[in-house]
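> These are the residues of each chain, in order.
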Amino acid sequence: MEDGRIVQLYWDRDQRAIPETEGKYGKLLHSISWNLLHSREDAEECVNDTYLRAWEAIPPARPGAFRIWLGQITRNLSLDRWKSRRAEKRGGGAEALLGELEDCLPDQRGRSVEDLELAELLNVFLRGLSREARAAFLRRYWYGESLAEIAGALGCGEGKVKSSLFRSRRALREYLEKEGIAV
Amino acid sequence: MRAERLFRVLGLTDPALVEEAMETRARQVEWKRWAALAACLALAVSLGFGWRVTGGFGGYGSGDSGGDSGSAGVSGDAPADGAPADPGESGGGGSGVEEGITFLSYAGPVLPLTTLEDPGPLAAEREVTWDFSPRANSHGETRQWGAEVTDAYVLRNDTGEDVTVTALYPFPGTFDSLPLVLPRITIEGEKTETALIAGPYSGGFQPTIGAETPDTMNLETLNSWEEYKALLEGGEYLAQALGEYPALDTPVTVYRFSDFAAPLEKYQAATQAVSFRLDESVTQVLTYGFNGCEWDEGFRRYSYFVPDGKRNEPDLKLLVILGEDIGPYTLQGFQDGGCNPGEEIEGVSCTVTRSETTLDAVLDQLCAYYQERYARSRAADQDNAFNVVPFEMYRGAAAELLSQYGVLSGAPMDRYMDGRLDDILAETMSHSRVLYLRFPVTVEAGGSVGLEVRFWKEPSFDYGCSGSENEGLQGYDLTTRLGSSLAFTRQRAALVNTENVEITGQNFGFDLPGGVTAVELDLEQEHYYLEARPIEE
Numbered sequence: 115m116e117d118g119r120i121v122q123l124y125w126d127r128d129q130r131a132i133p134e135t136e137g138k139y140g141k142l143l144h145s146i147s148w149n150l151l152h153s154r155e156d157a158e159e160c161v162n163d164t165y166l167r168a169w170e171a172i173p174p175a176r177p178g179a180f181r182i183w184l185g186q187i188t189r190n191l192s193l194d195r196w197k198s199r200r201a202e203k204r205g206g207g208a209e210a211l212l213g214e215l216e217d218c219l220p221d222q223r224g225r226s227v228e229d230l231e232l233a234e235l236l237n238v239f240l241r242g243l244s245r246e247a248r249a250a251f252l253r254r255y256w257y258g259e260s261l262a263e264i265a266g267a268l269g270c271g272e273g274k275v276k277s278s279l280f281r282s283r284r285a286l287r288e289y290l291e292k293e294g295i296a297v
Numbered sequence: 033m034r035a036e037r038l039f040r041v042l043g044l045t046d047p048a049l050v051e052e053a054m055e056t057r058a059r060q061v062e063w064k065r066w067a068a069l070a071a072c073l074a075l076a077v078s079l080g081f082g083w084r085v086t087g088g089f090g091g092y093g094s095g096d097s098g099g100d101s102g103s104a105g106v107s108g109d110a111p112a113d114g115a116p117a118d119p120g121e122s123g124g125g126g127s128g129v130e131e132g133i134t135f136l137s138y139a140g141p142v143l144p145l146t147t148l149e150d151p152g153p154l155a156a157e158r159e160v161t162w163d164f165s166p167r168a169n170s171h172g173e174t175r176q177w178g179a180e181v182t183d184a185y186v187l188r189n190d191t192g193e194d195v196t197v198t199a200l201y202p203f204p205g206t207f208d209s210l211p212l213v214l215p216r217i218t219i220e221g222e223k224t225e226t227a228l229i230a231g232p233y234s235g236g237f238q239p240t241i242g243a244e245t246p247d248t249m250n251l252e253t254l255n256s257w258e259e260y261k262a263l264l265e266g267g268e269y270l271a272q273a274l275g276e277y278p279a280l281d282t283p284v285t286v287y288r289f290s291d292f293a294a295p296l297e298k299y300q301a302a303t304q305a306v307s308f309r310l311d312e313s314v315t316q317v318l319t320y321g322f323n324g325c326e327w328d329e330g331f332r333r334y335s336y337f338v339p340d341g342k343r344n345e346p347d348l349k350l351l352v353i354l355g356e357d358i359g360p361y362t363l364q365g366f367q368d369g370g371c372n373p374g375e376e377i378e379g380v381s382c383t384v385t386r387s388e389t390t391l392d393a394v395l396d397q398l399c400a401y402y403q404e405r406y407a408r409s410r411a412a413d414q415d416n417a418f419n420v421v422p423f424e425m426y427r428g429a430a431a432e433l434l435s436q437y438g439v440l441s442g443a444p445m446d447r448y449m450d451g452r453l454d455d456i457l458a459e460t461m462s463h464s465r466v467l468y469l470r471f472p473v474t475v476e477a478g479g480s481v482g483l484e485v486r487f488w489k490e491p492s493f494d495y496g497c498s499g500s501e502n503e504g505l506q507g508y509d510l511t512t513r514l515g516s517s518l519a520f521t522r523q524r525a526a527l528v529n530t531e532n533v534e535i536t537g538q539n540f541g542f543d544l545p546g547g548v549t550a551v552e553l554d555l556e557q558e559h560y561y562l563e564a565r566p567i568e569e
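So the sequence lines, in the order shown, correspond to chains Z and G.
Per this note's numbering, the first sequence runs over residues 115 to 297.
Per this note's numbering, the second sequence runs over residues 33 to 569.
I should point out that these hints are in silico values taken from the structure, not numbers from a laboratory.
Heads up, a few of these hints could be off.
Unchecked claim - Calculated Cβ distances over 12 Å to all of chain G for the following chain Z residues: (1) Arg127; (2) Ile132; (3) Ala171; (4) Gly185; (5) Gln186; (6) Asn190.
Stated by the list, open to error - Here are the simulated lysine-lysine pairs, BS3-like style, with alpha carbons at most 27 Å apart: (7) Z:Lys141 x Z:Lys197; (8) Z:Lys276 x Z:Lys141; (9) G:Lys298 x G:Lys261; (10) Z:Lys141 x G:Lys298; (11) Z:Lys292 x Z:Lys276; (12) Z:Lys141 x G:Lys342; (13) Z:Lys138 x G:Lys261; (14) Z:Lys197 x Z:Lys276; (15) Z:Lys276 x G:Lys298; (16) G:Lys298 x Z:Lys197; (17) G:Lys261 x Z:Lys274.
C-beta atoms are modelled at their ideal positions from N, C-alpha and C, and glycine is treated no differently.
Use the sequences and the hints to build the structure in full.
What follows is the structure, given as structure tokens:
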């Protein structure tokens, strides 16, 4: 079913919206959540919560890029779930991802910006990368894919992915510092 | 938790970039290395590269890049008597430009009816109408995208004898798109039976962007009406469309891999590799269902991710050997598709079955397998192109692609030099081509026949987020006589249900604010174009 029609089901308060969403995007959302949590149960709950959030948000929302919009919700819910784990060690993919993203953080002398302004700066940065480097970066830090998965998808070795990500993280940090932005 | 904030804000980045990331695949990244390798086989350097299924089931996205060469539109010569006024005055676009936009994605023109035989004394009148009824798209999209086209003809026979001709209606498309764009034809209001004919891939090949040495890795689709003109003038393309598909009765040896096992709970990307030596001067290897390949002089290693029942990958895996058989082979499991030394693992196994047959028989098997997978991959409300494309046509077109541009060609394109049949089968569905509907028409002595061709026409456009100033514009065009054998005495064009569009550029002479929605066309002018922008609610 076309995304527009699924969104319309939400608007019509038609409960078929959720199974339609699940059928079309459940696998992707589960994959994103799994990548962050490495827990089937937690991922399952986050994906179910994603459907609930979508049901609550539409209407009034009418997301254009529905797939990405759902993915954003799942990412945030999964990160919340990861943070709420009270175990001694949280583990999961999020720990590694956030650790890597530490490399991108500029020093704190820059000015603070709102999320949307920061997102726009990230867009500019990402568009400046080569397509392959951008794909590796977003597969890693948007979809949470492992190095092996990215290597398999892009047809290269993990070492190449690793070095590409390293260069991109360093470049992002330099870019944010040049723009005088604090995160 | 600054990293956490950065992670969350990354979630707000441009959806187009996020989508693109999942569409960027192995071919775009790695072909450059393959090209260098092909040119430098003498170098005894082991070079690995990977593959990934590039199309068919998840949306084909690699290489079909459109490009920006060529130009659409024609100069606005002075109109003939009765022809429209200068578009700059009446067009409503007011751009003042004499040529249309060269869109990044060119949908191809509305082409005129032709006949297989000399139409003799038949004279033809034509009227093309674009209907911009809101959301007329059969997919019910919530935006104005495309138009319903009616290409109507009146054929007159002023002689004293009946004339029967075989009519051919050409239209640009792909096998994938046929459920949406297949024309319906009526003669005197009655639906007529038609036979579908498919021309070969209509585009060419272009180098990888930034390639150190020019290659033919990427597709280069037709970008302008002039390129359609070059394709169709002379009749060779139509002749090939009407000809026989190639027979591939070459003897082959087939190694089939089945009964897969691997410790997938520990290694999600567990990989089975098969390596062997061969003499490349007497042996060619085609593959199906494999994800990776390494190549050195006299050595090959092919590998696949062990099927886990989750990934959407074929469980039919074949090595097809043309010429002399390969030598003894070795099987080895690896942690992932990298197949790197030190990452070997135990517990990966399969059954290998060797058989001898012909390439035709292999293609029969693979095309049937592909057809079944294609059908399974359709959602309940998605059209199955195989309901429109006969199996024999698809299979023949795959053989044609393999013979014309693949490893069976005397000069194969770099894109297909790896012998990966997955690509041949998937791209047979997605390749742009000119298709034809064939049907007989009889015009009685002294009489006339009216026939109508109706179809959905998607627009030419510039991709979202391309940074183009033409984002949001939709292009439509027609050719008046390209490839047609008919003698036209009159052609007209019309627009209906235009309340949801505004014209931004054209050389027709429509004036929507002034109520001019139908115009006479100059028969000497080969090409007309229209650029429109949907009026958002």
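> Does each hint fit the structure? Answer for all of them.
Tested hints:
1. With 12 Å as the threshold on Cβ separation, the claim that Z:Arg127 sits away from chain G holds: the shortest Cβ distance comes to roughly 18 Å.
2. At roughly 16 Å, the least C-beta separation between Z:Ile132 and chain G is larger than 12 Å, which holds for a residue marked as non-interface.
3. Taking the minimum C-beta to C-beta distance to chain G, about 15 Å, the non-interface status of Z:Ala171 holds against the 12 Å cut.
4. Against chain G, the non-interface label of Z:Gly185 is violated: not every CB pair exceeds 12 Å, the least being about 7 Å.
5. Residue placement check: Z:Gln186 does not keep its beta carbon more than 12 Å from all beta carbons of chain G (closest about 4 Å).
6. Not every beta carbon of chain G lies more than 12 Å from that of Z:Asn190, the smallest distance being close to 6 Å; the non-interface claim is violated.
7. Of the supplied pair hints, the one linking Z:Lys141 and Z:Lys197 holds, its CA atoms being roughly 23 Å apart against a limit of 27 Å.
8. A distance of roughly 26 Å separates the Cα atoms of Z:Lys276 and Z:Lys141; the hinted pair therefore holds under the 27 Å criterion.
9. This hinted pair does not check out: G:Lys298 and G:Lys261 have alpha carbons roughly 57 Å apart, beyond 27 Å.
10. For the given pair, Z:Lys141 sits about 20 Å from G:Lys298 by alpha-carbon distance, which is consistent with the 27 Å threshold.
11. At most 27 Å may separate the alpha-carbon atoms for a hinted pair to count; Z:Lys292 and Z:Lys276 meet this at roughly 24 Å.
12. With a C-alpha separation of about 10 Å, the suggested pair Z:Lys141 and G:Lys342 falls inside the 27 Å cut-off, and the hint holds.
13. Restraint check for Z:Lys138 and G:Lys261: not satisfied, since their Cα atoms lie roughly 41 Å apart, outside the 27 Å limit.
14. For the hint pairing Z:Lys197 with Z:Lys276, the CA-to-CA distance comes to about 26 Å; that is within 27 Å, so the pair holds.
15. Of the pairs offered as hints, the one joining Z:Lys276 and G:Lys298 holds, with about 21 Å between alpha carbons and a cut-off of 27 Å not exceeded.
16. A distance of roughly 26 Å separates the Cα atoms of G:Lys298 and Z:Lys197; the hinted pair therefore holds under the 27 Å criterion.
17. Using a Cα cut-off of 27 Å, the hinted pair G:Lys261 and Z:Lys274 is violated, with the two alpha carbons roughly 45 Å apart.
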